[in-house]
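Trainee: Sequence:
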Amino acid sequence: MKIVLDNIIFSNVNNGGVSNYWFELIKYIENQDIEVTYIENQKMESNFHRNQLNISSEKIFKTKYQKWNRLLPIDYNIEDEIIYHSSYYRALTHAKNAIEITTVHDFIHDFFSPIYKRKLHNYIKYAAIKRSKGVICVSNNTYKDMQRFCPTKPHQQTAVIPVGVSDDYFPKENTLQDFAQLKEWNIEKNGYLLFVGGRVNYKNFDYVLEVIKHTHFKLVVVGGGRFNKIELKKMTSISSAILHLDNVSNAHLNLLYNNAFALIYPSKYEGFGIPIVEAMKSGCPVIGFNQPIIKEIVADAALLLNHLDPSAYIYFENLLNKQTYRNEIIAKGIENSKKYSWTKCSKETLEFYQSLS
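Each residue of the sequence shown is one higher than the one before, counting from 1 in the UniProt record's numbering.
Worth flagging that the hints you see were computed from the coordinates, not collected in a lab.
Computed from a predicted model, the values in this text were never measured in an experiment.
It cannot be assumed that every hint is accurate.
To be verified - Quick list of in silico lysine-lysine cross-link-like pairs, BS3-like style, CA-CA up to 25 angstroms: (1) 183 <-> 133; (2) 233 <-> 268; (3) 27 <-> 43; (4) 2 <-> 344; (5) 322 <-> 332; (6) 347 <-> 27; (7) 62 <-> 27; (8) 229 <-> 117; (9) 96 <-> 172; (10) 233 <-> 295; (11) 295 <-> 268; (12) 322 <-> 172; (13) 332 <-> 189; (14) 119 <-> 133; (15) 62 <-> 2; (16) 213 <-> 183; (17) 144 <-> 339.
Taking the hints into account, I'd like the entire structure generated from these sequences.
Mentor: Take a look at the structure:
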């Protein structure tokens with residue numbers, strides 16, 4: 001079996017969930033006895049994950065970087081049968097025996113993006129789904145959305161292969177160094193709520209700010225870039241209670257999960273929701289929004305809000321203040337998180353390749 005992997009995602013972004021997914025897949029494949037070629041261009045140098053990979057130059061097929069690379073097919077002349085998997089929906093030309101595979105992470109654009117952005121993204125994604133022999137979805141909810149928006153045909157094979165979570169996340173006792181770091185951040189164990197990731201509208205960050213106005217906890221916000229003017233205006237009365245950390249190592253994020261009162265994650269939609277599993281794996285209780293993908297991922301191992309009002313959060317806060325209940329939800333979360341590993345994800349992806357070749 002010959003595999004060709006298109007690493008275009010490393011040019012599209014500097015970091016992020018899809019980049020990490022691709023990084024973990026390559027890490028696994030590099031440790032297998034498999035013939036593999038990687039398609040790359042020169043703009044990959046700034047990507048966090050690509051810089052951690054040591055790939056032999058003999059395995060790399062170089063392409064010229066152009067601004068619209070992600071929209072254009074790759075001229076790759078080969079007659080052999082190959083498994084071809086792009087990290088971002090690109091087609092191959094002149095590879096008549098290529099068996100194409102696509103991974104679909106979510107349908108966020110279909111629900112929330114403005115029409116011009118949605119049309120461009122969907123043109124690329126839907127075309128990839130339609131021409132692929134095999135399609136991987138990262139959750140059952142994503143699979144259902146795919147059958148709604150771009151249903152597959154009977155001749156296509158599909159698989160639901162959940163993504164994994166790094167082993168960098170685990171329950172731990174604080175060391176002297178950890179206490180020093182918490183002091184530097186001016187936060188204490190169980191003295192803050194944690195919010196991780198982007199803050200676009202469907203993430204309901206506004207609700208989190210309302211919660212902070214009704215509780216004594218601080219709020220630690222990880223990632224998502226700088227606060228915009230609208231966010232800053234809404235924070236005026238609570239700015240002293242908010243800490244923003246944009247670039248955080250896995251070790252520091254694990255420390256934050258371990259010491260948080262809870263991860264608050266009221267997102268209306270996700271393809272998967274990696275921070276939720278990271279939190280559970282770290283022994284951090286999760287307060288999320290009661291929507292299909294979150295229910296699929298957490299099962300009964302998290303607290304799910306039916307309504308986004310502060311009183312609903314306060315009810316859960318009171319539950320988590322009861323140590324017996326808190327210990328139970330933490331134990332359920334740790335156990336539930338064991339279902340999600342990068343080794344399992346990558347192994348099942350490789351098995352899917354083999355089933356199509």
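Trainee: Residue 62 and residue 27 were given as a pair; does the straight-line alpha-carbon distance stay at or below 25 angstroms?
Mentor: Satisfied, since the Cα-Cα distance of roughly 20 angstroms is no more than 25 angstroms.
Trainee: Is residue 62 close enough to residue 2, meaning Cα to Cα at most 25 angstroms?
Mentor: The given pair, whose Cα atoms are some 18 angstroms apart, holds under the 25 angstroms limit.
Trainee: Starting from residue 183, check that the Cα of residue 133 is at most 25 angstroms away, please.
Mentor: violated (53 angstroms)
Trainee: Does the structure keep residue 213 and residue 183 at a Cα separation of 25 angstroms or less?
Mentor: Given that 25 angstroms is the threshold and the Cα spacing comes to 23 angstroms, the pair holds.
Trainee: Taken at face value, is the distance from the CA of residue 172 to the CA of residue 96 at most 25 angstroms?
Mentor: violated (52 angstroms)
Trainee: Has the given pair, residue 144 with residue 339, been kept, meaning a C-alpha gap of at most 25 angstroms?
Mentor: Answer holds: residue 144 to residue 339 is near 21 angstroms, not above 25 angstroms.
Trainee: Does residue 229 pair with residue 117 here, judged by a C-alpha cut-off of 25 angstroms?
Mentor: Holds: residue 229 and residue 117 sit about 23 angstroms apart, inside 25 angstroms.
Trainee: Next pair to validate is residue 233 with residue 295; report whether the Cα-Cα distance is within 25 angstroms.
Mentor: The given pair, whose Cα atoms are some 33 angstroms apart, is violated under the 25 angstroms limit.
Trainee: Need the status of pair residue 27, residue 43: alpha-carbon distance at most 25 angstroms?
Mentor: holds (20 angstroms)
Trainee: CA of residue 233 to CA of residue 268, is that 25 angstroms or under?
Mentor: Cα-Cα ~23 angstroms, so holds.
Trainee: Hint check: residue 322 vs residue 332, CA-CA at most 25 angstroms. Holds or violated?
Mentor: Holds, because 16 angstroms separates the two Cα atoms, which is no more than 25 angstroms.
Trainee: For a C-alpha distance cap of 25 angstroms, please report whether residue 119 and residue 133 respect it.
Mentor: Within the cut-off at roughly 23 angstroms; holds.
The structure shown violates the earlier hints numbered 1, 9 and 10.
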